[in-house]
Amino acid sequence: MDQRGWHPRKGGVQMKVLPPLIQSTPTAPSGCSAHRLEVINLHAHYGPVCALHGISFETTCGRSVALIGGNGAGKTTLMKAIVGLLPGTTGEIRWQGHAVRKRIPDIAYLPQRQDLDWRFPVTVRSLVEMGRYAHLGLFRRLGRADEQAVEAAIETMQLAPLSSRQIGALSGGQQQRAFIARALAQEAHVLLLDEPFAGLDQPSCETLGGLLRSLAREGRLIMASHHDLSNVNDLFDEALLVNRRLIAFGPPPEVMQTAALKEAFGS
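Going by our numbering, the letters in the sequence shown line up with residues 8 to 274, in that order.
Taking lysine to aspartate or glutamate pairs in the EDC-like style, the calculated list, with each CA pair at most 16 Å apart, reads:
| # | residue 1 | residue 2 |
| --- | --- | --- |
| 1 | 87 | 99 |
| 2 | 87 | 113 |
| 3 | 87 | 45 |
| 4 | 87 | 122 |
| 5 | 109 | 99 |
In short, the hints are calculated from the structure, not lab data.
Could you build all of it, start to finish, from the sequences and the hints given here?
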């Protein structure tokens, strides 16, 4: 490793594992833009199968990060490990300088749409209200401040006209926005999104992409697994390329190099 923190790798490609984040980030109203997420030497196994091997990186709120890799590369596993949903991992997750050993309201995970039961009878507003349970517990009534947080989340994700509609009656893009609104009502600073753009048409992708960029500018950290390599540079500030281990992390134009992509996806 040279003085800049670059690691030479096979094939002459240089990979930066822990890059200094020298760009300034916007200050959110909550002041969370200075908060740092660190993943340190993370390993994860499913039985005898190694799903993640020695993953290390760090980033801050105010950024949007694309998590890129092929099927089985460990993208979902990494997000579940960060949020505390995956037992049996080794290594360390640190948030604001403190080790994360269980789920905390600051970090929200949204699974892929295909993993959710859209027949569940709940309205958009009721779904977003669930984001307050992390602060209230299941049996406390929402107070004025909670109602305001719910309203603000619905407005931010442009769902006010749909707030009384059943979640199963929404389009794919609207469903994604509703679950993100729930995370905002939770007051999460970190949003981990599993394939949020999958199955969306172009207008829905553009709407969701614009909203996620706005959330990052306000000071949240957005990390999303993403499969469309053609628009990574348009949608994200950083790209994290994995194939069970970290291959590259940094600005998308630097990460999306032929040799690195070949290492991630194969020939």
